[in-house]
Amino acid sequence: MANIVAIVKMVPDLVEELEINDEGTGLDRDWLRLIINEFDNHAIEQAILLKEREGGEVTVIAPETEGVEDMLFTTAAKGADRMIKLAGDFEEGVNNHALAHAFAETAKNHQPDLILTGVQANDDLDGPVGPLVAEYLGMPYIGYISGVTLEEGRAIVRKEYPGGLIGEMEVTLPAVLGIQAGEEPPRYVAISKVRQMMKTAEIAEAEISELDFSGGISAKRMYLPEAAERAEMIEGDEEEIAAKLISIFKEAGAL
Amino acid sequence: MPERINYWGIPHSWGEPELYVYAIMFLAAAIMLLQFYRQASLWWKVGRPESRWDKLHIRLGRLIQYAIVQTKVLRQRYPGIMHAAIAWSYFVFFLGTALATVHDHFFEFLHGNTLIVYKFTLDLFTIFFLIGAGMAFYRRYAEKPEKLTLDKGFTWTLWMVTIIVLGGLFTESLRLAVERPDWGAWSVAGWLLARLWISTGATETTLTNWHLGVWVFHLLSVALTLVTLPTGTLLHALTGPLNAFFSELDRPMGALAPAAETAEGEPIFASKLSDLTWKQLLDGDACTECGRCQDACPAFNAGTPLSPKQFILSLRDSLHHNGSKPKLAGEAIPEDVLWACTTCGACVYECPVLIEHIDTIVDLRRYLVIEGMVDAELQTALTNLGRYGNSFGKSERMRAKWSKGMEPKVKNANKERVEYLWFVGDYASYSPTLTEITKQTAEVFQQIGLDFGIMYKGENHAGNDVRRVGEEGLFEMLVEKNIKAMSKADYQAIVTTDPHSYNTLKNEYPANGGHPVLHYTELLDQLIASGKLKFSKKLGYKVTYHDPCYLGRYNGIYDAPRRVIEATGCEIVEMPRNKDCALCCGAGGGRIWMEEGEIKERPSESRIREAAALENVTDFIVACPKDVTMYSDAVKTVGAEESVVVKDLIELVYEAL
Ligand code: SF4
Ligand code: SF4
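Protein chains in written order, with the working numbering: chain F, 1 to 255; chain R, 1001 to 1657.
Isolated chain R (complex conformation) (with noise of 0.2 Å):
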């Protein structure tokens, strides 16, 4: 019967085995619990307190899905494939180590098919590490992409992990090499090696020694990797599980939380690393360095000086290595990086350690504004919208001019009682180029016979990139006077175009009563879907869809429009970035009203190229009245006016009645 060995070749004249083993090891891994401690202490020294031991059984869940079978690691086919192969394999290599512990000291069971099935499963995965391992290799040292960071000292990490494997797969082969156990073949891998061991002629003598010197070997480049892993760049196996547990669990991506406040109620502007909660260093240490957010990213992609990546590392590097600056916010981060980010999510969404790059971003905004170091259109901007509302600089009376002469008279909700009050936005209601399109969505309602009504001037800016510019204050402001003024309305639900005042207003503002929330698509979608929205014509227009950021990405809402599209007789072809993986127009986060700086390509220009190289598509669809101002741009920026036209879906809509 096949029986496990414990220390097969080891000679008894050095002591017990186990005895400095576990020694080693012991040392190793104290050095290595030291190191960590002294790195992770900063943490808390640094940082300010937060709780997040609340839900465990969540946060244990998180640490599963994303550190243990790594859902967001695994978006990507190759790099994640790759990862997958290593660390798997490693897990199953601890596992495998623990039970012959088991084994060794308190029970017994690793015999028999048992041990066949421990030998057989052990192999599979260092044939599958073997795989990863190879495909890193190739990424570092052929491919080398752009996001990756080439450093040395994640060049050593893959060596060494690597050399530990190969180690016991070695010592296993000279082994079986000696012994030639019949079962021998189940050790796949070590069975192989061990056959070329056996063809070179070595005598039974040699190959044990050679064993006991690669089996040496091996101890020490564990031990030395322990030792170095807090230092290293494989400190991201301990920082990126606790990320993921520690990740945020209150509030939906689509909620910021509000300024932090001292001890006395003082409000805190984050301008340093002090002014941070541990988490939001934790963060910084547990970045893989993987430059996924980076390649997602819009601002850096168009050429501005943000990397998402970057910035991580710099609250990092600022918490290690850069004692002489510790102030953050226009310093060690300087102020066009922070005003560069659209708040567009990809970063967030892609990191695989649930980093929250965005929560720090607007913090560190939220010092330059109290500072008031903003551009100067963004400065008439917020002006404007805290005096007028609306970042136009125009009347309240002026807000809903664009219904004049409709018939009949949009109706005033907070004169009337309405189902549906339309919260219409600045850009709908306000920007010339965009009046034909509100007016549609009006017209479209009132054929269906929806019973809506707009606020007129009591309709503020709904405030969502206001916040995430980091003017607090006036988004509490704008809060508190759009509240009173839906509070003086009578209505069932509230329904709007622009998918960031619907951000806001779903996941931001306090509970209205539990009126729910819904943009136009999903209003459209159940009308769709209840048989009240019948429409009269086939359209059969190919289009594509862009997924606005503050719809898709944010609330997760991806079918509906496209339902209500297809509803209109038109083929959706798909652009490669769609869904969760649209790329922004570059204009949310308050960028739409700040000067664009220098920049290689618009983020806009490059979705409207993207959506023109689609075969025999004739119109750009999009469901965010800023969309159509960005991308009626881009289109004659780029020069596609050709190839593509822009619509809103409601025009789409409209025409199909």
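If we strip away everything but chain F, and leave its shape as in the complex, we get (with noise of 0.2 Å):
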């Protein structure tokens, strides 16, 4: 009967054209459509396998964000115990530290055996927040996991090394895992399952300390990729390719 708490992110949805913000320091939030970080989404789900495997409960935090609210509805309906969001200033955009404080104070009210969520997001800038999220905790912490044993206190958790290595670690509990992949792909939750929920379940909101960006990385300038120069295609027969080539080195000074 393990204490599983999932701690979780809206991350900006790459379908959508980015765009940079008038001070060219970072997205443009007014333009951004919010989508659950996909590696969190298997943590959700590794965090629900293991639930249905050993029982226990599960618990999602997320901050408070556009679209949050739908995300989780939608881990309620595949079967979460307890949905929290963070009431905060978020829709900004925060840094990891910050994100890492809050997420760490209210997961520990929770006394959580397990704490799961995704190795990585697209949008960290200052390192993931499984890590970050360990060291306020106290809590040893392993990432890049792709499957997990509960056992007497402790865990078995399978870790992927780049080259198809494959590790198998223990580690005492409480933790913090990295999830890579969960043991399954997560599931799909029909839309009635969820609409249910929006009636029937309740979303608990945590109340959190001042965010705390110390330790955390502000960026200077963000830029999207700057188009390099475009090659030129050279049209024509033959003759007249050989003979725009050798203008063309003439010119470039190799001929």
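For the record, the hints were derived by calculation from the structure and aren't laboratory data.
One or more of the hints may lead you astray.
[To be verified] Result set (BS3-like, lysine-lysine): computed pairs, CA atoms no more than 27 Å apart in a straight line: (1) R/Lys-1272 <-> F/Lys-193; (2) F/Lys-199 <-> R/Lys-1481; (3) R/Lys-1394 <-> R/Lys-1411; (4) F/Lys-193 <-> R/Lys-1327; (5) R/Lys-1481 <-> F/Lys-193; (6) R/Lys-1394 <-> F/Lys-193.
Could you fit the two chains together into a complex? Lean on the hints.
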């Protein structure tokens, strides 16, 4: 019977074109559309799988941003027991240090045996959230996990290394795990189930202390990749192409 | 004067013949009804209630059309004639027996010319019956088509119905051989046989004794057949008509029923027999095992594990023999069987007893969806549809990207009044290979001066196939979004190029202020008829036309697209499977979003081979965006690039303008 907490966040949906804000220091959040971080989605799946297999409770914690409620109701439909949104000023985007403080503070109240989170996210500028939370709570952290088995007071985890190597290791609980992939891909939840949850489930709000950005970074400049100069296509028949090539080579001083 | 003699040649020394004939028949009928009740009561004991007693006159009409005249049975020539010969003859024999009873006990009228007509008719049907039975024996013993159930139950039935008729014929002929009335030749069949008996030189006493023997045998064989009817394959003679009588009346083929609800308003996701209605269980018992559905089924012919016939029979098996497997979805009926269906409607269309396969398939799919038992590709598509309103996983802001750069700009129907609201649909909007065709459609509309607009990002997937996948909640959500966008638009009619969107908008969306929904082929056809659309060229191609399932079988639109094609100066050569027999491309019912699985031959490939075999046909014309995709791929995989080119109907129109 483990008490499992999944800490997850919404990240920019790359289906939309990204725009830079006027100051040129970050994304223009007015135009952003947010989606659950795919790795976090795997962390949720792993949490639910553990609960189904070993019993226990799953609590999902996420900062309050656009779309977070729909996401939390979806996790409720998957089988999460408690959904908590962190009330705070997250819309403008916060760095992971600040976010990890908020996560740690709230997660601690639930005396978790296990904290699961996505191993990374597309908007991580100052490192992933998982290790920071582990640090603030004084717990061990292992990342790039693709399988978890719970035993008395410890967890056996599968970790994937580049090149196809797989490590199996043991960690004392409580611990924080960065999930690369759940043992099963995230399940499908029918819309009617989600809608049902919207009617019956409740999302708790957790008050948090002032956001603490210390230790994070602040971006000086953010910009879209600048288009490199275009390649020029040389058209025409063989003669024309050859003539054109020679003139280009001459121009460049190669001939 | 010709007179009917009751119980001719039956000795009264055994007592009044009526008495024991009626006693035996009464007993046999009672056993039959009891047995049938035991069988049938399971429908309402196990199944959920559902009222199907309304509009009795229409139901009676269906009973006459499908069970007595048997129009669906007659759709196929050989088995149609065969079955009609047997069934109609039996109807006449029943009537004949009933009339004889009336004559014997209530009102004597069978004498003189009436009797001659009576005898002549019965004998004519005897001959008709023998032809039908002969065809059936040939089919069962020599031809043995794959779709047929060659079970001994059917063979027994065929023998029994034949023995009964031969018994009657022999009795009659032996009597004629003794009586030799001068009008005997009117009993054509009996008389011919009587002459045979006469030629044997047997004495009258011998013939009368034979007659008695055959008569008793005849009586007993009828009784035996009655007794075994509910447990044998003749059961369909009762359940078939019942199924036609209780068939769906309240919605067109193109409208599915929403998920059923319990008395407390909880949705029912059907996984077991008791989640289905009694009518769905009756479907199982009504199946005649003719195999027509299976023959027409694109999924079966592609080699998937689905056969609509087996599907229906597994409902029957589960109800009567399969107590250990009360669970249907995923157990008695494996998941891959349920997912293989394209919802093309061919099975429902062909079934002689109006079995409703698709309703039950979708009901069971709804259960799989709610349990999350969907394959990865389908999951991605559904997730995308839920999030972005399209299966491509693209932003809704890109929905009208195809129209970029068009001059004049395509109107936004959510901002300006238009006459026609063009519901573009996912494929035409997002599929990169279809951009050109979608643009051409817009250009044609512009050139003929149509006042039209689109809803840009306000449009969502219409939901036809989402519903058929079994994701009812998502379907409802898409409908809500579209209705919201449409209610902001001011328009007279909806037009779409996509038959799937067309079907659901027309048949499943809440009535939209009575605005008609038109397929573009219908609209073009109307414009040609009213003289608003004129062509400057005669193309002169020899083409064939593929009927999309959701336009043809589902909505009966066969002629409009053909008239438009002909108006462009093309000659249409029909494929063998055309109009209501058209083969499905394999994409419908959400199949286009699913993993393909192991198959022998894709339906689309079979279709292209069919078209490529037509002489001198150069173009394969379709009227559905998905078809362009499906068939262009198929042309490549079967290597038919040299023989046919896949074109959307709009391309012909564009060229001929
Ligand atoms: S709807 Fe079409 S694919 Fe589905 S079972 Fe019927 S014939 Fe086969
Ligand atoms: S379901 Fe209908 S078409 Fe199919 S085998 Fe049974 S009776 Fe024939």
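The hints, checked one at a time:
1. Distance restraint check for R/Lys-1272 and F/Lys-193: the Cα-Cα separation of roughly 20 Å lies within the 27 Å cut-off, and the hinted pair is therefore satisfied.
2. A threshold of 27 Å between alpha carbons decides the hint, and for F/Lys-199 with R/Lys-1481 the separation of about 19 Å falls inside it, so the pair holds.
3. For the hint pairing R/Lys-1394 with R/Lys-1411, the CA-to-CA distance comes to about 22 Å; that is within 27 Å, so the pair holds.
4. Proposed proximity of F/Lys-193 and R/Lys-1327 is supported: the alpha carbons are some 22 Å apart, at most 27 Å.
5. Annotation: proposed proximity of R/Lys-1481 to F/Lys-193 holds, straight-line Cα distance about 18 Å (limit 27 Å).
6. Between the alpha carbons of R/Lys-1394 and F/Lys-193 the distance comes to roughly 24 Å, so the proposed pair stays at or under 27 Å and holds.
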